[in-house]
Each structure stands twice: as C-alpha cells, then as structure tokens.
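Fit chain E to the given chain A structure using the hints.
Those sequence lines, one after another, are chains A and E.
Read in order, the letters of the first sequence are residues 2 to 116 in my numbering.
Read in order, the letters of the second sequence are residues 2 to 116 in my numbering.
None of these hints come from the bench; they were simulated from the model.
Among the hints, a few may not be true.
One side of the interface only, derived from the structure: several residues of chain A facing chain E at Cβ under 7 angstroms [to be verified]:
{"hint": "1", "residue": "Ile8"}
{"hint": "2", "residue": "Leu18"}
{"hint": "3", "residue": "Lys22"}
{"hint": "4", "residue": "Lys68"}
{"hint": "5", "residue": "Glu73"}
{"hint": "6", "residue": "Ile76"}
{"hint": "7", "residue": "Ile78"}
{"hint": "8", "residue": "Ala81"}
{"hint": "9", "residue": "Ile85"}
{"hint": "10", "residue": "Leu104"}
{"hint": "11", "residue": "Glu110"}
{"hint": "12", "residue": "Gln111"}
{"hint": "13", "residue": "Ile116"}
Covered stretches of chain E (chain A as the covering partner; in silico rule of three or more C-beta atoms under 8 angstroms from a C-beta of chain A) [unchecked claim]:
{"hint": "14", "stretch": "65-78"}
{"hint": "15", "stretch": "83-95"}
{"hint": "16", "stretch": "106-113"}
Yeah, the Cβ is synthetic: ideal placement off N, Cα and C, and Gly gets one too.
Number of protein chains: 2
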Amino acid sequence: METRVQISILLDFYGELLTEKQREIMNLYYNEDLSLAELSEITNTSRQAIHDILKRCHKMLLQYESKLKLLEKEIRINKAKDAILMKLDKLQNSMGNADIIQLVHEIKEQVMNEI
Amino acid sequence: METRVQISILLDFYGELLTEKQREIMNLYYNEDLSLAELSEITNTSRQAIHDILKRCHKMLLQYESKLKLLEKEIRINKAKDAILMKLDKLQNSMGNADIIQLVHEIKEQVMNEI
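Extracted from the complex, chain A is given alone in its bound form (with noise of 0.2 angstroms):
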C-alpha cells in the first residue's frame, strides 16, 4: 500500500500528465489535506466524483511509475549522490592543500546542486 507522501511525491513526477483540473483535486487532497467534502464545495463537483477522481488520478500514478520509473531512479540516484558526498567530505578532511580543498568543494557543491 502505497502513503500518502508517496502519492504526493508521484504527483510531483507525474502531476503534468494529468489535466488541471485533475492535477488541482490530487494536489489539495494529498498536499493540502483537504477532505472530499471540503473539495467537493471547492470545485462545485459531487463528492462521487471527487471520489473517483481521486482514485482514477491514484491508479495513473501508479501506472506511469510503473512504466516510467522516474521514483526509482530517483531514489537510486540520491543514494549514489549520499555516497559521492560522504567520499568527498573524507577526501576534503584527508587534505591540508587549500586549492586542492576548494576543487572538492567545488565538486560537492555540484553534485548537490546540479545532479
């Protein structure tokens, strides 16, 4: 069973494939913990609706990490930044020559900024 952050964070990958109005619904319930009666006054739609919006948004969420994986690249990729930056952080207290120390901090700064 997938959390609500894990929708949340799948509506951050995925929100654009969604319409506005779908993309609008997903992002007050998951992020902005509306409940559907709340949505339903908001956007003048059934609650009935609301309610199969939200699970049919829920379902293609599902659907494109299925099929496009982008999390668990995600995910993949933040572990190797953790592991490239701890190196670095060794590699940076290993040395006492102070352009040398700036290029790694350079570098840091880069994989945190940038990749």
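Chain E alone, transformed into the frame defined by chain A:
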C-alpha cells in the same frame, strides 16, 4: 524540426507510454530504418495507417517531453557530470598519495556508472 536521432532518444524515454504496437512501429521506423512499405507489409497494416501511427506517436513523444522534460534534464545532468569528471581528473593529477588517488577513482566510477 526534430531529427530522427532526437525522436529515437525520446522513444527511449517515453516508449513505455505508447502501446506495444505503436512502440514496435516507431522502433522499426526510427531505429531500424524500415520504410513505410516494409512496415506496412510486416505489420499487415495499410501504409496510410502506418503513416498516421508514426505521425500521432511523433506528436505524443514531443508532448510528453514538453510536460516531463526528461531529455532536457538528461542533457543538463550530462553536462554537470562532464564538469564534475573534469574536476576529478584535475584533482587526481595533482596528487601523489595512493589512497587519495584510489578514492578519487572510486568517486569517478560512481559518477560515471550510477548517476
């Protein structure tokens, strides 16, 4: 105008979102260089239908990229990887300690293979 190569790359990213038949036809046309006539014969489908499938899938791939931007992200990450690897080369060449050289080597392997 997108080149055949660009469409072929988009097919790598988003092919799973097409149906099996669409993916097969796109693959044979863009990666295996089969002609419309050959595709028509192999798939037992009219040339006009093949033409329509190619056109529709081409458009779908561009739409997926405009929404998810996976190719754009890949290009950006590859530039960062190149820059990081160049800095690691510089680091490796400026040091004499065998342990540190080994560590830099490991980081490079990880950037190359896991990011």
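Which numbered hints turn out to be false for this structure? Result: hints 1, 3, 5, 6, 11 break, sorted rising.
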